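Chains as they are written, first to last, in this note's numbering: chain A, 1 to 286; chain B, 1 to 363; chain C, 1 to 345; chain D, 1 to 292; chain E, 1 to 277.
Since the hints were derived computationally from the structure, they do not count as laboratory data.
Note that this is a predicted model, so its numbers are computed, not measured.
Positions of the beta carbon are idealized from the N, C-alpha and C atoms, including for glycine.
A portion of the hints provided could be inaccurate.
Just the calculated beta-carbon pair ranges, DEER-fashion [stated by the list, open to error]: (1) A:119 x C:164: 40 to 46 Å; (2) A:119 x C:283: 39 to 45 Å; (3) E:71 x D:189: 25 to 31 Å; (4) A:122 x C:28: 30 to 36 Å; (5) D:125 x B:323: 55 to 61 Å; (6) D:125 x B:4: 54 to 60 Å; (7) B:40 x D:76: 34 to 40 Å.
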Amino acid sequence: METKHPGGSPAAPLLQVDGVTLAFGGVKALTGVGFDVQPGSITAVIGPNGAGKTSLFNTISGFYRPTGGSIRFKGQDITRIPAPQRARMGLGRSFQNIALFRGMTVLDNIKLGRHAHLNTNVLDALLYFGRARREEAALRADIEERIIDFLEIDHIRHAPVSALSYGLQKRVEMARALAMQPQILMLDEPVAGMNREETEDMARFILDVRDEWGVTVLMVEHDMGMVMDLSDHVVVLNFGQVIAQGQPAAVQGNPEVIKAYLGSGDVHDLRRKLHASTPANAAGVA
Amino acid sequence: QGTEDIVIGGSIPMTGVFAFAGVGINAGIQDYVKITNDAGGIKGRKLKYVPEDTGYKVDVSVATFKKITSQNKVNLYYGDSTGFSKTINPELERNGAIMMAGASFATELNDPKKYPHQFLVGPDYTEMFGILLKHIAQEKPGAKVAFVYSDSEFGRDPIDESEALAKKLGLSVPVKIMTPAGSVDVSTEVIKLRRAAPDYTIFHGYILAPIPEFITQGKQMGMTSKWMGTFWTMDSSTVMKMGPAGDGFMGVMPYRYYYDTSAKAPMLDKIRAMRPEYQSTAYMQGFLAAMLFTESAKRCLEAGKPLNGTNLKAALNSIKDFDTGGLIGVPVTIKGNSIPVGRVYKADMKAQKMLPASDWITL
Amino acid sequence: MRIGTLKESYIADAALFDSRTQKTWLAVAAALLVLFPFMASDYWLYLACLVSINVASATGLNILTGYTGLVSLGQAAFMGLGAYTVAVMETRLGTPFLLNLLAGGFVAMLGGIVVGIPSLRVKGLYLAIATIAASFIAHFIFANWSFTGGTGGLSIPPASLLGMPLDTSFRLYWVIVPITIVMLLGAANLFRTRIGRAFIAIRDRDISAEVLGIPLLRYKLLSFGLSSFYAGVAGGLWAYFFRVVTPESFPLLMSIFFLAAIIVGGMGTILGGILGAVFMTMVPELLKLVFDLLPNSAEYTVFLSPVRTIIFGLLIIGFLVFEPHGLAEMWRRVRRFFHLWPFRN
Amino acid sequence: MDWAYLFEICLTGLSGGGLYALAALAFVMVYKATRVVNIAIGELLMVGAYLFFTFASMFALPLWLAIPAAVLGTGLLGAVIERTMIRPLLGEPPISVFMVTVGLASVLVGLVEMIWSADQRRLPEFMPTQPIMVGEAFLAPKVFWGAVVAVVFIAAVLLVFRFWRGGVALRATASDQAAAYSVGINVPRVFSLAWVVSAMIAAVSGIIVGSIGGISSSMGVFGLSVLVVVIVGGLDSVLGALVGGLLIGLVEALAGSYLGGEYKLLATFLVLVAILMVRPYGLFGTHEIERL
Amino acid sequence: MTQPSTDHVLAVNNIEVIYNKVVQALRGLSLVVPRGQIVALLGSNGAGKSTTLKAVSGLLALEDGTLDAGTILFNGQSTAQHAPQQLVRAGLSHVMEGRRVFEDLTVEENLIAATYALTGRPHTAHGAPKPDFDLVYEYFPRLHERRKGLAGYLSGGEQQMLAIGRALIAQPQLILLDEPSLGLSPKLVEDIFTIIARINAERGTSMLLVEQNATVALAVAHSGYIMENGKIVIDGSAERLASDPDVREFYLGMGGGGEAKSFKEIKHYKRRKRWLS
Ligand SMILES: Nc1ncnc2c1ncn2[C@@H]1O[C@H](COP(=O)(O)OP(=O)(O)OP(=O)(O)O)[C@@H](O)[C@H]1O
Ligand SMILES: Nc1ncnc2c1ncn2[C@@H]1O[C@H](COP(=O)(O)OP(=O)(O)OP(=O)(O)O)[C@@H](O)[C@H]1O
Ligand SMILES: [Mg+2]
Ligand SMILES: [Mg+2]
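Whole structure, please, built from the sequences with the hints as guidance.
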């Protein structure tokens, strides 16, 4: 899947967020947010909790209407386009608080991701003949061979998602997002709640999606190790505003980012610092 | 002539909101069947009564009809509601073997062309209104009569025609009030009623509620109207439940009350002998239905005609100046689908009885 | 390629009836359905037709409530729309039977879509109560419009198919049952495609479904439309079956009956709609049989109707408390128990 | 325009709305704590009225005994209902619990028909019969006193919720039962309490309604209007119950007297739909928080 | 394994948990929390960490899980006979996975709801125990700012603060913390863990801490357990765990030489854990 560059210029960004502003009543979730996502890149959005990262994702995918600014995708202004149509255009995403459909099997959840790209209408569906049948068969084959295989979830394909552990659910979320045939894959905290080992697996998938499928990735993540290692471009939000963006290393060193988001990073001897004088420590360790 | 039983099937509302009537109807039919059989049946053939409970639901009634007719050779049938009478009518015509009567007095059913195999055991609702209006016109010419009725097929049934009739009789209808089915709080309606200041108010389409509340509030507001009702409100026990509000309540009744001893009535004596305690007007209705069933069947058999819907109905319509043994105070003639006879009774709370307030009125 | 099952192809994996056992039992069931009218009395045929109509309508409601998660208390009203359409067309236009049925379906569908419009904003039980409004508005129209015969309703001549009047349960059976089966197959097919999946997604979490490419309003209206189309056709059949429609023919209680049927049967499964409708229609009749078996049953007759009412309620409660997935789940368990019986090899 | 008539109608409508409000309060109590849409509310009213009938008419108890006995009896029924059919469904989807109350309604109607038969009956008269005159306008005494009782109850509940942390416990439980447990709230107690109080309010309401309109096994139909009221007011709002009740009472009265009885229900349902289109959670209902 | 003693505020002995009568989530798990200490419980997704906490706090029944074998002693007394709210009132607070704040309530009301935990507490020298809202606001000033706002609209970190704050209101002896760092920014993780450590140090509150972020967890904990598949596989002091080679590789992301591995270099998805073989 090769991304097309409108206007022929290889530098034309795939997604352009420009001056986006979003308010809930009095709360300003986003103020004049602007950044570009280059095709084939992995771009990370980081920032403190409540900075507006998820709101930004929701605005890009069309769940929220921005009060100002514009969003361009593949050169086209999509600010006024409804969410389902954006999905069809190639915006795929996963959700921070897992949003799998609990009444369906893993396979059906993944199939659902393809919805916007299918053409079966009601009549076809009721008859299940001709187009509906062909389309379903093709879909099943594609999902089996490309996605289920790729993410190694073949053993659970018929399991109801409600019976899966958190980590597997995250993986199915990713599978569903991939089934959307996205040109840009938006992942909201893909490794939250995972331990190091599982995080490594997920990191590998993300790299492969980009390298082997040519899908551009835009992700929100709090795991700094992963963000710094994987991403080409980092955007930092604070109180709904972009306070820094650029190469990971540059952003990491930005004092404002450290103050608002990263902290001292010096957690290793937290206990020694705090417990040194307390009697609890004297009891020793079990 | 065969010797097999003549079967009366019955979709009877022994339970549900109409149970108070169904239980009486059932007993009435049963008793008359027993009287006939004890007297040797009809031309040597016994009557067999096969009732089933319907809970006063149309679909259950239909199922019951199907069940009874597929298990018995039925010639006579008692149905429980207007809805059932209408629903089963096509089947009656197709089946052809059955004549049916029922608990409904719907005006629509009083049409021998549309309902050739059915009849009403009394006046239809419009005729009931006619009897009341005729009485009013006599008692107080030019009176103002208000109609209060429920928003249901039952309630709306006689209203339009009766308004026309009232005009013809020189009465005026200053207000017609329709209450939603099942409504409890009728105070706004009472206000409306009071403004119209009627001399008479006729309630229709209710059993009991909200009539007592209408009367109580009306009286509290100083209304001087007389209050009237139609058949299903008029059972003695129902009116007595109205309490003080019910005193002087009037209404139309085609039959004599159980305790009415004002005239000679051998059938009533028989009933009182069989059942020493009070029997409802619904009982009388069932009893009379069975009596007319039997009479029609007898006439059919006597004429040597097979028992079927058409013949039975023809036999019924041949009834002229028939003596019901005092159940109805005058001899009856059944020209069409109804028996347009009735009398106005009035509640006497002290005596806890309904007392005649008019003579028998035939339309 | 690893599929992990022994299915020959993905098509086979998605087939409605795949194992040999299933197919055999299906053949047995079909044979029984064909033989039934020749063995049963008028009474049982009557019940069979009624059950069949109820199955069709319950399946429609299942699409909307069981699969799409939109609780509706208007199913009876939609049946009424279908029934009245059929009645009006049959009595005033005299158009052919099947055309009338279809028209009944489409008019009800239109009604359903109109009622569905608030569903984008109004959620959950707020919506359920709003659908009650639809019932009352429909009732008002039926009762006060002279075109529909007012409170008296309309009487309908028997349908005729190929010149034969469908005036007995026996004849109607051959029309009603096949139509129901076709509708059932349609519904089952629906849930093998993207449309059915979209419905389920809306049920499970509508806001995320939207972001995944499902236009909510369109699909909610589609679900309302399909469901009421089923109701409309069922109502049309009902009209030809009872041959009279009145405003009282489709009370709120009937909507509740259908909701109860899909709950008892099992929401969100086609089998559930079937089992539930059959069960709930037959229970009162079976109860009557049981009562008849009691010694001196006449004494208890006065209790029959209350008992029926109580049992109706207890069934709903009992299933929800003890078997929330309904008869369909019980059936699955029984099937697992017998496994491949009798074709074990 | 006959202003006196309009005034009289409005007054009566508002008082009638008071009766709705009281029953709606019973409904809201349960919803607030348990998120159960209790469609059997009308039937609970009915049970309260029948118990009163039994104690007052059949056992001939004096009023001051019969009313509390009926109220307590219905409260007990509330506790039994909660224990046997609501608590086992903790955590099930709302529609399941909703349907349980549908079943409950049916069971209650059946029981009443079995014990007392389906016949209509009258309750003993116990309310003042002195008509209430507001200027020239006449107000039926029962309706007036019923409305007074309703307003007193609602005011009391509003006060309680304002100054008692139990109100918070109620809402916390409704919001997340597991979390409520985890902060030390006795969730089963909250559930029982809500149902008992609701049933008791329903009984009071049933006694008043029954004494106006008589009682019968189809009295539960009243619950339908109550449902409209709570939807209009917002399922979880006490104030909404009051405002919704008055509004619907008014609409019914106006529609009934100016358009005709057949328009009463139609008008209320049209008002309902209109309000839902503008405010999907009723006038005062809490919005569901939807975030991705 | 340490034997339970009165020094242990919590002692879990050989418990087994089954969900829905079929899924076995815990298979003979034992652990202890010494009084005044923070104990970390680590393990991969689905290992049964949350289940362990739910078993202790009695919330298992709400999810159709049953404790089929083993004992749980809180302050030396079995918890088996107690309803969840009774345990909370006895001083055992559970901060659930996913925060679980009361979304329709304001921040303040969330805290008021939490005061139910003090019901029936024995009186101290100062009379009936009083809820200390100021304490919560002092640890989490951000909550004070948002105290009139609906909890449902708080950001993830704020909700986590509120959840911990709710537990603090209960003045517990033991807090069960389920993934407090889930979805929090690095700075907030640091802040929250600093506060956790402070609460422990200043108030002597014991804690059983379930965490995926092993680095911080082991930094604040005194000791720890690692579980897989419903059983404990390693236990020991925080220092010992932090130096275990497997823990270093799978939980801390260190290469063989002790340096942090880069995510870019990971080639295989599946590796074997030595302690499982
Ligand atoms: N639907 C909504 N209504 C009102 N406020 C909202 C809504 N959605 C988000 N907010 C507010 O907008 C702000 C940004 O929230 P958002 O969820 O985008 O943060 P975030 O950066 O994703 O945080 P986290 O890292 O915790 O997920 C917060 O203050 C939040 O309370
Ligand atoms: N409510 C439930 N019903 C059925 N199975 C469950 C339930 N909750 C958990 N399980 C199963 O029990 C096992 C342990 O789950 P648990 O939630 O305790 O894991 P965990 O260690 O907390 O994982 P995570 O890090 O993903 O939160 C898992 O296999 C899970 O599938
Ligand atoms: Mg977020
Ligand atoms: Mg967990």
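Structure-based check of each hint:
The given range of 40 to 46 Å is respected by residue 119 of chain A and residue 164 of chain C, whose C-beta atoms sit roughly 42 Å from each other. As the Cβ distance of residue 119 of chain A to residue 283 of chain C is approximately 44 Å, the hint placing it in 39 to 45 Å holds. Between residue 71 of chain E and residue 189 of chain D the C-beta distance comes to about 27 Å, which sits within the given range of 25 to 31 Å. Between residue 122 of chain A and residue 28 of chain C, the C-beta spacing of about 32 Å keeps the proposed range 30 to 36 Å intact.
In this structure the hint that residue 125 of chain D and residue 323 of chain B lie 55 to 61 Å apart at CB is violated, the actual value being about 45 Å. With their beta carbons about 57 Å apart, residue 125 of chain D and residue 4 of chain B fall inside the hinted range of 54 to 60 Å. The supplied range of 34 to 40 Å is broken by residue 40 of chain B and residue 76 of chain D, whose beta-carbon atoms lie about 59 Å from each other.
Consistency note: the structure conflicts with the earlier hints numbered 5, 7.
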